[in-house]
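S.K.: Here's the letter readout for the chains.
There are 2 protein chains.
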Amino acid sequence: MTDCQEDGSPDLTPMELYEKLGAQGDKVRGLKSEKAAKADIDAAVQLLLKLKVDYKKITGQDYKAGCPPNGIELNSTGPAVEDGDDQVDPWNVSTTNAKGVDYDKLIVRFGSSKIDDELISRIGRVTGQTPHRFLRRGVFFSHRDMHQVLDAYENKKSFFLYTGRGPSSEAMHVGHLIPFIFTKWLQDTFNVPLVIQLTDDEKYLWKDLTQEQCQRYAVENAKDIIALGFDVNKTFIFSDLDYMGSSPSFYRNVVKVQKHVTFNQVKGIFGFTDSDCIGKISFPAIQAAPSFSSSFPQIFNERKDLQCLIPCAIDQDPYFRMTRDVAPRIGYPKPALLHSTFFPALQGAQTKMSASDANTSIFLTDTPKQIKNKVNKHAFSGGKDTVEEHRKYGGNPDVDVSFMYLTFFLEDDEELEKMRQDYSSGALLTGELKKRLIENLQPMIAAHQERRKQVTEEMVKQFMTPRKLDFNF
Amino acid sequence: MTDCQEDGSPDLTPMELYEKLGAQGDKVRGLKSEKAAKADIDAAVQLLLKLKVDYKKITGQDYKAGCPPNGIELNSTGPAVEDGDDQVDPWNVSTTNAKGVDYDKLIVRFGSSKIDDELISRIGRVTGQTPHRFLRRGVFFSHRDMHQVLDAYENKKSFFLYTGRGPSSEAMHVGHLIPFIFTKWLQDTFNVPLVIQLTDDEKYLWKDLTQEQCQRYAVENAKDIIALGFDVNKTFIFSDLDYMGSSPSFYRNVVKVQKHVTFNQVKGIFGFTDSDCIGKISFPAIQAAPSFSSSFPQIFNERKDLQCLIPCAIDQDPYFRMTRDVAPRIGYPKPALLHSTFFPALQGAQTKMSASDANTSIFLTDTPKQIKNKVNKHAFSGGKDTVEEHRKYGGNPDVDVSFMYLTFFLEDDEELEKMRQDYSSGALLTGELKKRLIENLQPMIAAHQERRKQVTEEMVKQFMTPRKLDFNF
Numbered sequence: 013m014t015d016c017q018e019d020g021s022p023d024l025t026p027m028e029l030y031e032k033l034g035a036q037g038d039k040v041r042g043l044k045s046e047k048a049a050k051a052d053i054d055a056a057v058q059l060l061l062k063l064k065v066d067y068k069k070i071t072g073q074d075y076k077a078g079c080p081p082n083g084i085e086l087n088s089t090g091p092a093v094e095d096g097d098d099q100v101d102p103w104n105v106s107t108t109n110a111k112g113v114d115y116d117k118l119i120v121r122f123g124s125s126k127i128d129d130e131l132i133s134r135i136g137r138v139t140g141q142t143p144h145r146f147l148r149r150g151v152f153f154s155h156r157d158m159h160q161v162l163d164a165y166e167n168k169k170s171f172f173l174y175t176g177r178g179p180s181s182e183a184m185h186v187g188h189l190i191p192f193i194f195t196k197w198l199q200d201t202f203n204v205p206l207v208i209q210l211t212d213d214e215k216y217l218w219k220d221l222t223q224e225q226c227q228r229y230a231v232e233n234a235k236d237i238i239a240l241g242f243d244v245n246k247t248f249i250f251s252d253l254d255y256m257g258s259s260p261s262f263y264r265n266v267v268k269v270q271k272h273v274t275f276n277q278v279k280g281i282f283g284f285t286d287s288d289c290i291g292k293i294s295f296p297a298i299q300a301a302p303s304f305s306s307s308f309p310q311i312f313n314e315r316k317d318l319q320c321l322i323p324c325a326i327d328q329d330p331y332f333r334m335t336r337d338v339a340p341r342i343g344y345p346k347p348a349l350l351h352s353t354f355f356p357a358l359q360g361a362q363t364k365m366s367a368s369d370a371n372t373s374i375f376l377t378d379t380p381k382q383i384k385n386k387v388n389k390h391a392f393s394g395g396k397d398t399v400e401e402h403r404k405y406g407g408n409p410d411v412d413v414s415f416m417y418l419t420f421f422l423e424d425d426e427e428l429e430k431m432r433q434d435y436s437s438g439a440l441l442t443g444e445l446k447k448r449l450i451e452n453l454q455p456m457i458a459a460h461q462e463r464r465k466q467v468t469e470e471m472v473k474q475f476m477t478p479r480k481l482d483f484n485f
Numbered sequence: 013m014t015d016c017q018e019d020g021s022p023d024l025t026p027m028e029l030y031e032k033l034g035a036q037g038d039k040v041r042g043l044k045s046e047k048a049a050k051a052d053i054d055a056a057v058q059l060l061l062k063l064k065v066d067y068k069k070i071t072g073q074d075y076k077a078g079c080p081p082n083g084i085e086l087n088s089t090g091p092a093v094e095d096g097d098d099q100v101d102p103w104n105v106s107t108t109n110a111k112g113v114d115y116d117k118l119i120v121r122f123g124s125s126k127i128d129d130e131l132i133s134r135i136g137r138v139t140g141q142t143p144h145r146f147l148r149r150g151v152f153f154s155h156r157d158m159h160q161v162l163d164a165y166e167n168k169k170s171f172f173l174y175t176g177r178g179p180s181s182e183a184m185h186v187g188h189l190i191p192f193i194f195t196k197w198l199q200d201t202f203n204v205p206l207v208i209q210l211t212d213d214e215k216y217l218w219k220d221l222t223q224e225q226c227q228r229y230a231v232e233n234a235k236d237i238i239a240l241g242f243d244v245n246k247t248f249i250f251s252d253l254d255y256m257g258s259s260p261s262f263y264r265n266v267v268k269v270q271k272h273v274t275f276n277q278v279k280g281i282f283g284f285t286d287s288d289c290i291g292k293i294s295f296p297a298i299q300a301a302p303s304f305s306s307s308f309p310q311i312f313n314e315r316k317d318l319q320c321l322i323p324c325a326i327d328q329d330p331y332f333r334m335t336r337d338v339a340p341r342i343g344y345p346k347p348a349l350l351h352s353t354f355f356p357a358l359q360g361a362q363t364k365m366s367a368s369d370a371n372t373s374i375f376l377t378d379t380p381k382q383i384k385n386k387v388n389k390h391a392f393s394g395g396k397d398t399v400e401e402h403r404k405y406g407g408n409p410d411v412d413v414s415f416m417y418l419t420f421f422l423e424d425d426e427e428l429e430k431m432r433q434d435y436s437s438g439a440l441l442t443g444e445l446k447k448r449l450i451e452n453l454q455p456m457i458a459a460h461q462e463r464r465k466q467v468t469e470e471m472v473k474q475f476m477t478p479r480k481l482d483f484n485f
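Protein sequences, first through last, are from chains R and V. The opening position of the first sequence corresponds to residue 13 in our numbering, with each subsequent residue numbered one higher. The opening position of the second sequence corresponds to residue 13 in our numbering, with each subsequent residue numbered one higher.
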């Protein structure tokens with residue numbers, strides 16, 4: 013970079029220049045990876061350097077990828093993607109919109125596909141089952157290659173499911189159940205094997221926790237997962253800290269992915285910086301590896317060609333964009349994905365629930381009384397300030413957290429639709445809506461606690477032992 | 013960073029400014045890691061930014077750690093250290109000096125300690141054995157904490173040995189044997205257990221090889237190592253691609269190291285860049301982990317406190333500088349080290365032997381005839397151009413490769429000293445020196461080949477099976 017050049021981009025705003033720099037950086041990397049002619053690369057690099065000088069002149073700061081000029085400093089682990097006031101990456105989800113993140117925008121930005129009515133009907137036709145309420149109600153709203161999975165399934169080519177959880181504490185809340193409830197439905201409906209990764213190594217790397225703590229959380233979380241009723245003959249649950257050291261095939265796939273992803277790439281995808289530890293930098297390969305059937309030779313008889321379908325919250329997509337980029341280069345099929353929206357905090361859809369703030373969430377350990385108090389006290393209401401006003405103008409179910417929760421957990425479509433109408437018209441009051449939610453959550457959580465009590469250490473061990481699973485491929 | 017400031021370092025050369033910047037960067041990192049007062053950190057950062065501006069003014073380039081101002085660009089995997097014409101890092105060793113790298117300078121630069129006469133005598137006293145010729149002749153010339161190892165040993169506190177090899181091809185040459193010959197002597201002399209790491213994952217990451225090739229090379233190399241006579245009851249040889257997936261304890265230590273080393277650090281130590289794959293970036297932790305006894309619970313009964321002693325060529329030191337930095341932070345003892353010089357190529361001491369150029373090396377598979385031809389044809393001579401001149405002026409043993417090789421392999425000190433004198437005086441001709449070397453190498457290699465033939469797959473399996481070893485600690 014040389015200094016004191018004439019300004020060549022006088023009409024651009026700092027943000028426009030910043031974006032131009034990002035695009036030019038991509039172009040240079042593209043040319044280099046294609047091994048383009050040296051003259052072309054040099055010219056592109058020259059322009060890049062020129063833009064950097066211009067950028068510094070205008071902003072007084074050095075250009076840094078991932079650091080926009082408006083003073084927003086990225087924290088050390090993200091975000092890779094920001095749009096207006098929405099921020100979505102594996103470590104941060106936030107928005108200023110009370111309805112929550114704008115998911116249609118996210119589909120465009122992530123380059124995934126919308127789960128439309130046609131796909132939902134097709135899933136119904138292919139499986140002969142009513143599509144799960146999470147599909148009917150847009151909780152799972154986005155996908156990658158789901159039609160391909162269904163094409164193959166119709167031709168008697170099966171697939172396997174992969175989902176996971178980062179065990180950062182003992183306590184799971186109802187939001188954590190969403191991907192697992194849906195995954196269980198997929199397993200039952202398609203009759204396919206399932207692997208569940210507990211990323212205790214990730215939590216050790218990211219949090220101020222010991223490995224022993226992370227492993228204990230993994231086992232406790234496994235109990236809650238098992239309590240959902242997964243079929244032990246079709247389900248393998250594993251902790252990274254255990255399984256990496258129990259399966260040479262898994263480690264070999266991790267190294268394969270690690271050979272084919274550069275620091276530049278994870279910097280771009282996850283927002284890592286030079287100050288991040290090398291464990292974080294290489295971790296994405298560990299979340300990628302279970303997407304490949306050869307990572308589980310004991311389950312899949314050494315087969316390398318089985319397609320993987322990953323149900324997960326949309327914030328995990330960056331890992332699998334990376335995985336899908338690498339897969340063909342190491343001779344494996346790309347995993348398909350089904351993405352869910354986020355489960356809102358009691359305080360509103362601006363943020364995810366947090367396991368570390370007890371009042372933002374309904375925990376799986378909450379008593380009926382705690383549930384009642386939390387909903388009544390903290391669930392953000394879309395109703396009006398007084399009964400009179402509410403009766404007159406009606407409430408707004410789209411920002412009402414009690415209504416949102418019922419969307420997740422009430423099976424009856426008609427009852428839900430009636431509540432929407434009555435709440436909007438003012439016929440249904442916030443207190444009544446909350447009461448209905450409490451009636452729904454209390455027995456649901458109590459039943460979960462009852463099932464969890466039945467989960468023995470022996471059962472956990474069974475689920476977590478590498479072994480052959482039942483399936484017909 | 014702001015621009016257009018007044019020049020505040022007018023009297024410094026670019027190199028002085030570069031070094032000052034490096035020191036100031038260290039200071040800032042130090043203050044941050046100590047969580048010093050914000051004002052102190054801010055002041056240090058301000059000075060750093062100021063120096064960067066000055067640097068750019070003087071050199072016309074942005075300051076970049078690891079890129080000195082003289083235009084030397086670091087290649088993608090190093091070098092971490094360069095001094096004049098010597099370059100020494102785990103991937104590159106070269107010098108323009110016919111006597112080889114300047115090892116005294118290297119000691120100063122790496123901050124290690126010289127193996128002096130006192131230490132050599134002490135090893136003799138403590139073990140009751142004549143110190144190995146590699147010690148007597150300065151082949152192992154540098155150490156870290158060897159006195160501490162001996163102190164503990166004298167107090168009946170034992171240690172374990174760790175060395176390794178990167179299996180980049182089937183063919184090993186005599187230079188590759190140096191650390192193993194010495195390690196065997198240490199094992200026999202101190203009666204201690206030994207772990208030998210074969211970094212097949214490293215070779216997969218760095219070279220254009222498949223994992224299957226790297227693992228096959230690991231097994232083939234293991235046979236040559238076993239042929240040196242290691243005690244199977246005291247020696248565990250492992251391939252990373254196998255052992256990582258067979259030992260949760262090993263992986264857990266790898267992750268511990270990875271949590272405590274940043275990209276900035278490996279960039280500084282190994283010269284990694286943003287274009288390097290994440291596998292390379294995180295690999296140093298995998299070479300670090302065997303330094304800790306808890307990585308081998310099957311050998312050391314879960315003990316975490318055993319000291320490790322690593323005999324290796326000096327180019328591997330960067331890995332263990334990093335390891336020694338991390339060890340106390342994760343509750344483990346720092347490994348001690350014994351560093352060897354490089355084994356010269358037949359063409360001269362300017363470079364290491366290369367496994368990929370058959371004429372630079374004596375391979376362990378060479379026939380007596382090949383050995384004779386290679387020495388006669390390629391061994392760089394320190395003699396004069398004609399017999400007459402040689403008789404008159406004498407030869408130079410310090411640059412004569414045949415003499416250097418005899419220094420490594422001839423046990424008899426008196427014979428070696430006599431040859432040095434006779435060669436220097438002109439009494440001994442190059443041809444006679446080469447003849448003596450050939451007489452030494454031919455039976456040595458033939459005996460090695462004979463012993464290697466006796467190494468069965470079963471024996472390899474035995475050495476490479478994680479198991480309990482014999483030792484009294």
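Honestly, the hints are just simulated from the structure, not real lab data. Just so we're clear, the structure is a prediction, and the values are computed from it rather than from any experiment. Backbone N, C-alpha and C define an ideal beta-carbon position, used for all residues, glycine too. Be aware that one or more of the hints could be misleading.
Below are the DSS-like pairs computed for lysine-lysine, each with C-alpha atoms no more than 27 angstroms apart in a straight line [unchecked claim]:
1. V:219 <-> R:47
2. R:279 <-> R:346
3. R:279 <-> V:447
4. V:50 <-> R:219
5. V:47 <-> V:64
6. V:389 <-> V:447
7. V:32 <-> R:68
Footprint (simulated), chain V over chain R, 3 or more residues, beta carbon under 8 angstroms [to be verified]:
8. 211-225
9. 278-288
S.K.: With reference to the structure, classify each hint as holding or not holding.
M.R.: These are the hints, each one checked on the structure:
1. Between residue 219 of chain V and residue 47 of chain R the alpha-carbon distance is near 19 angstroms, which keeps this suggested pair within the 27 angstroms criterion.
2. Between the alpha carbons of residue 279 of chain R and residue 346 of chain R the distance comes to roughly 22 angstroms, so the proposed pair stays at or under 27 angstroms and holds.
3. Simply put, residue 279 of chain R and residue 447 of chain V have alpha-carbon atoms about 58 angstroms apart, too far for the 27 angstroms limit, and the pair is violated.
4. The straight-line distance between the Cα atoms of residue 50 of chain V and residue 219 of chain R is roughly 24 angstroms, inside the 27 angstroms bound, and the hint therefore holds.
5. About 23 angstroms separates the Cα atoms of residue 47 of chain V and residue 64 of chain V, which keeps this hinted pair within 27 angstroms; it holds.
6. With a C-alpha separation of about 12 angstroms, the suggested pair residue 389 of chain V and residue 447 of chain V falls inside the 27 angstroms cut-off, and the hint holds.
7. Annotation: proposed proximity of residue 32 of chain V to residue 68 of chain R holds, straight-line Cα distance about 24 angstroms (limit 27 angstroms).
8. With a threshold of 8 angstroms between beta carbons, the proposed coverage of the stretch 211-225 of chain R by chain V holds, since 4 of its residues qualify and at least three are required.
9. With 7 residues carrying a beta carbon less than 8 angstroms from a beta carbon of chain V, the stretch 278-288 of chain R meets the three-residue requirement, and the given coverage holds.
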